[in-house]
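*Asks:* Chain P is already provided as a structure; the job is to place chain X on it using the hints.
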Amino acid sequence: MVATDTAQEILLDDATPGMRLAEAVLDRSGARLISPGVELTEKSIHALRQRGVLRVNVVVSLLEQARGKQTEESLQRLDVLFKNSVDSKPNRLLLDSLRRYRTRTAQ
Amino acid sequence: MNPITSEEISEAVVRLPSLPTIVLELINALDNGDVDTNTLAQKISHDQALTAKVLGLANSSFYGMQNKVGSIPHAVTVLGFNSVRSLVTAAAVVGTFSDGKSQVLDYAKFWKHAIATALSAKAIAKKLGVNEDQAFIGGLLHNIGRLVLATYSPSRYQEVLDWRSQHDGNLMAAEIHVLGIDHKTVGRAILTHWKFPASIVETLHAPDVAHPREQSRAAAVVTVADAIAYGLDVSGGEHDRVPVISQIEWDMLHLNDAVLTDIFSTTERQFEEACMILGTNVGE
Numbered sequence: 080m081v082a083t084d085t086a087q088e089i090l091l092d093d094a095t096p097g098m099r100l101a102e103a104v105l106d107r108s109g110a111r112l113i114s115p116g117v118e119l120t121e122k123s124i125h126a127l128r129q130r131g132v133l134r135v136n137v138v139v140s141l142l143e144q145a146r147g148k149q150t151e152e153s154l155q156r157l158d159v160l161f162k163n164s165v166d167s168k169p170n171r172l173l174l175d176s177l178r179r180y181r182t183r184t185a186q
Numbered sequence: 578m579n580p581i582t583s584e585e586i587s588e589a590v591v592r593l594p595s596l597p598t599i600v601l602e603l604i605n606a607l608d609n610g611d612v613d614t615n616t617l618a619q620k621i622s623h624d625q626a627l628t629a630k631v632l633g634l635a636n637s638s639f640y641g642m643q644n645k646v647g648s649i650p651h652a653v654t655v656l657g658f659n660s661v662r663s664l665v666t667a668a669a670v671v672g673t674f675s676d677g678k679s680q681v682l683d684y685a686k687f688w689k690h691a692i693a694t695a696l697s698a699k700a701i702a703k704k705l706g707v708n709e710d711q712a713f714i715g716g717l718l719h720n721i722g723r724l725v726l727a728t729y730s731p732s733r734y735q736e737v738l739d740w741r742s743q744h745d746g747n748l749m750a751a752e753i754h755v756l757g758i759d760h761k762t763v764g765r766a767i768l769t770h771w772k773f774p775a776s777i778v779e780t781l782h783a784p785d786v787a788h789p790r791e792q793s794r795a796a797a798v799v800t801v802a803d804a805i806a807y808g809l810d811v812s813g814g815e816h817d818r819v820p821v822i823s824q825i826e827w828d829m830l831h832l833n834d835a836v837l838t839d840i841f842s843t844t845e846r847q848f849e850e851a852c853m854i855l856g857t858n859v860g861e
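Going down the list, the sequences are from chains P and X.
Residue numbers for the first sequence follow this note's numbering, beginning at 80 and rising by one.
Residue numbers for the second sequence follow this note's numbering, beginning at 578 and rising by one.
Heads up, a few of these hints could be off.
[Stated by the list, open to error] Selected chain X positions facing chain P (Cβ under 10 Å, derived; list incomplete): (1) Tyr807; (2) Asn833; (3) Leu837.
[Said to hold, decoys possible] Result set (EDC-like, lysine to aspartate or glutamate): computed pairs, CA atoms no more than 20 Å apart in a straight line: (4) Lys148/P <-> Asp810/X; (5) Lys162/P <-> Asp817/X; (6) Lys168/P <-> Asp828/X; (7) Lys761/X <-> Glu584/X.
[Unchecked claim] Example chain P residues on the side facing chain X (calculated, C-beta under 10 Å, incomplete): (8) Ser153; (9) Arg156; (10) Leu157; (11) Val159; (12) Leu160; (13) Phe161; (14) Lys162; (15) Asn163; (16) Ser164; (17) Asp166; (18) Arg179; (19) Tyr180; (20) Arg183; (21) Thr184.
Don't read these hints as lab results, they were simulated from the structure.
Even for Gly, the Cβ is constructed at its ideal location relative to N, Cα and C.
Isolated chain P, as found in the complex (with noise of 0.2 Å):
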C-alpha cells in the first residue's frame, strides 16, 4: 500500500472485483479468511458473504479520492448555478444531463 492512499470501510455489498483489501479479513471467531493486500474476485466476494462476513476495508487511491471529491464539488457547484432557474423545466433536464455529464466524466 502506497503511503498516500487510505483504507476504506465499505459494505460488503459495494465491493467489486479488483478492489484490494486493506486489512485481513476476518471471520467470526477471529481467524484470517483474507490477508491484506490482495486483490477481491467475484470468487471470494461471494465466499465472504458465505461466511457472513458484511464489511471489508479496501484501499482507496489518492487518485480515486480526488477524482471522488471533485466530482461532489462540481455537482454541489452546478446547483448553486442553477438555483435561480430549476423551476423551469428546460432548466432542469439541462441541469441532468450536466450532472450525468460530470459524474460519468469523472471516472
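*Replies:* Here is chain X on its own, set in the frame of chain P:
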C-alpha cells in the same frame, strides 16, 4: 434607479473603439452573395495579427483539419469563406475589446463565457443542420451590450451589480431595474451600428411569448448555448447563474441527453485552445 437614456446609448455605441476596416467590410459583405472573396482574402492577409489568430483557429481542434492551413486564401479554400469570415470577426472583436481595465467587468471572465457560448452555439447549430457561423458569431457577441454598459458608465453598472448581489437575481433583471434597459437591447444597437445583417442581430432577441411562431431559432440556439456555457462553469464567476430557458426556445432545438453530452464535450474540448489563440488573457 438611475436609467440610461436612448441618447446615452447612441453616444456609448458611437464612442466604441472601431473595428478594423477589413472586419467591417467582411460584415457588410455578409448579406451580399456577390463578393470578391479573393480580394477580401488578400486584405485580411495584410493584417498580420489577425491572420495569425485566424490561422491558429483554422489549425486547431476546432476544425480538425488533416493538413496545415498556411494562408488566408488557403483557409478560404478549405474552410469556406463564411467560416473564415466568422473567425476574422471573432479574432477582431475579442482583440479590440480584450485589454480594457474595468472595476465592474472582468474581461477575462467576460470573454471566456462569450467564447464558450460561441463554441456551444456552433455545436448546437451543427446538430440542427443550421448556419454554424451565424450561431458562432451570435454566441460570441450575445453579451457585447454588457461590455458597452459597463464601460460607458462604470458607476451605474456597479449599481446593477450591487442590486444583483443583494437580490441574487439575474443580470438582465438587475439591468432593467437600475438602468431601465438590458444588455441585449444595447447589443442589438451595437450590432446594427456595425451593420451586422439582421440574421445575426435577431439572435439577441428575447423570446416572444406572445408570438411564439415568430420566435427565431437562431436566437433559441444562442439562449441555450448561453445556459450551457454557464452550466459548464467556464468563467467560474461567484454570481454566475444559468439563465432561464423558455419552453418555446427549448422545444425548437429538440435536444436530448446524448446530443447535449456531445455538445458539452465538444465545447470543453475546443475551449482552452480557442481562448489561447484569441489571446484573451485567460491564462491566470
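*Asks:* List in ascending order the numbers of the hints, as given earlier, that are violated by the structure.
*Replies:* none
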